[in-house]
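2 protein chains.
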Amino acid sequence: MKIDPTSSADLSVQIAQSIKAAIINGDLIVDQRLPSESELADQFQVSRPTVREALKRLAAQSLIRTQRGATGGAFVNRLSFEDAYAQQVTTSTLLLSMNEVSFQTACEARYALERACAPLSVLRRNADQLATMRSEIFRQGQPDLSDEAFCASDVTFHRALVDAAANPVLSYQLAGAVEAMQPLMNMITFSARDRARIVALHSQIVEAIDQRDGTAATDGLQALETETLNLAQKVFETRSAKT
Amino acid sequence: MKIDPTSSADLSVQIAQSIKAAIINGDLIVDQRLPSESELADQFQVSRPTVREALKRLAAQSLIRTQRGATGGAFVNRLSFEDAYAQQVTTSTLLLSMNEVSFQTACEARYALERACAPLSVLRRNADQLATMRSEIFRQGQPDLSDEAFCASDVTFHRALVDAAANPVLSYQLAGAVEAMQPLMNMITFSARDRARIVALHSQIVEAIDQRDGTAATDGLQALETETLNLAQKVFETRSAKT
DNA sequence: CGTTTTTATTTGTCTGACATTTAAAAGTCT
DNA sequence: AGACTTTTAAATGTCAGACAAATAAAAACG
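Listed in order, the protein sequences are those of chains W and P.
First residue of the first sequence: 39, per our numbering; consecutive thereafter.
First residue of the second sequence: 39, per our numbering; consecutive thereafter.
In short, the hints are calculated from the structure, not lab data.
Predicted model, so just to flag it, every value in this text is computed and none were measured.
Treat the hints loosely; a few may be bogus.
If several chains are the same, the list does not tell them apart, and a pair holds so long as it fits within one copy or across any two.
Unchecked claim - Listed next, the in silico SDA-like pairs over lysine to any residue satisfying Cα-Cα at most 20 Å (straight line):
1) Lys58 / Gln99
2) Lys272 / Val84
3) Lys58 / Ser74
4) Lys58 / Asp121
5) Lys58 / Pro73
6) Lys58 / Ser100
7) Lys58 / Asp48
8) Lys58 / Gln220
9) Lys58 / Glu217
10) Lys58 / Val114
11) Lys272 / Met136
12) Lys58 / Thr131
13) Lys58 / Val127
14) Lys272 / Gln249
15) Lys58 / Met136
16) Lys272 / Ile236
17) Lys58 / Pro221
Assemble the whole structure, with the sequences as input and the hints as a guide.
Next comes the structure, spelled out in structure tokens:
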């Protein structure tokens with residue numbers, strides 16, 4: 039682990055990169071303790087605050103965790119699926135909100151990915167996931183549900199659909215795509231008739247998955263994408279007509 | 039933006055969370071300048087090093103960028119697709135390497151996602167992307183190519199396939215799935231016959247995309263998944279037989 | 001008016017110190 | 001001897017103040 043003092047980059051950045059490379063490269067393995075901050079400061083020939091800033095950078099990426107006390111220190115962190123989910127969701131959300139990604143583009147990506155899950159979900163779904171989907175459908179049918187709660191329920195429904203594929207890598211990849219859409223969906227107001235159509239499609243999808251009918255599930259998702267796009271277009275037309 | 043001094047969490051973590059929430063919430067917009075470190079230290083009633091550690095955490099997530107000098111400071115950063123790609127790739131890579139994800143699971147997720155792209159790629163592919171895929175196929179046919187270079191070319195091929203869908207959100211989501219597989223693929227040694235089969239499937243896929251035949255493209259990807267799994271199984275059997 | 005120099009501001013880094021947490025070691029009582 | 005309590009040492013967390021370096025605006029100068 040070396041750094042280049044002649045480089046223009048900040049020292050703390052270089053140190054963070056150096057340690058990160060060691061982790062990715064396998065020189066530092068999970069749960070291994072890094073040298074103490076003072077020792078790292080000596081090794082890299084910098085002061086302790088500089089080392090600390092580097093460690094904070096790594097901690098922000100869940101690459102290390104720190105522990106205080108006598109046997110404390112910085113440890114290489116096992117990146118859990120939960121950590122990765124969370125990162126994925128915030129990154130995706132910011133990406134969409136900051137880059138003027140059209141609703142259409144985001145929607146297309148999301149449903150393309152979900153359709154990729156469907157054949158696996160059909161094969162592997164368990165009773166829990168079917169029950170979750172059905173109970174969310176029931177909730178979505180309640181007339182006094184707010185639009186926001188409706189969207190939240192929608193997210194839960196689709197997460198169950200994705201988790202039914204029983205592939206944690208897929209679930210991780212899709213967490214962002216599904217949850218990042220929520221702020222965009224929240225801009226839509228759903229009429230009772232809109233909701234009824236969506237609930238009907240949800241029912242169709244869950245029955246297809248129950249019956250292990252992959253084609254019907256995919257078709258249902260396709261119809262849901264079309265429906266969602268139509269709804270969004272209606273909203274945007276109304277909005278532009280007002281201005 | 040407030041923090042809770044009675045909380046057990048570290049101050050720098052709380053400050054980072056507070057600023058992060060302000061960005062996600064829209065209170066701080068892209069390119070807006072944050073108060074200087076000294077001002078933030080006053081506002082949060084902490085010392086400057088503590089503020090700095092908080093800012094480094096945010097910088098590590100590409101949420102802010104810093105600039106030195108008279109008009110410098112910390113600015114809310116527009117999270118670019120490039121930044122997000124890079125984060126996605128390293129997160130996915132670490133996730134796979136640290137969690138004993140089976141080759142099968144990773145492979146299944148990757149090809150499921152790629153098949154989701156195929157129908158869109160068929161519709162939107164341009165000449166550049168077809169040319170890239172064909173030139174990578176040519177390279178993969180060179181007998182003196184190392185296994186590592188073969189895998190790298192494979193990644194380039196598949197990225198072109200994904201980019202052909204012309205959906206940046208999809209490309210971002212898939213960057214991780216495709217590139218994170220590379221270290222796993224690198225464990226495989228490809229015989230000349232293995233390579234020939236893969237190249238043949240790649241050719242089939244690119245022709246299908248050229249001909250706008252979505253079904254053939256999907257079938258080709260399915261066959262490639264099967265082929266890849268067979269190869270991996272062969273490697274693992276050989277390896278366990280040796281021990 | 002254009003160029004150069006100065007200056008003020010801000011981040012980057014250093015030094016040294018103290019506070020807090022934590023587990024192990026030492027001590028004490030039964 | 002064993003269980004409980006106290007002490008201690010090591011590590012991170014935080015603070016204060018200082019200087020270095022970069023940078024753009026302001027001032028000085030030709």
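| field | Violated constraints from the hint list, given by number and in increasing order | value | 2, 11 and 14
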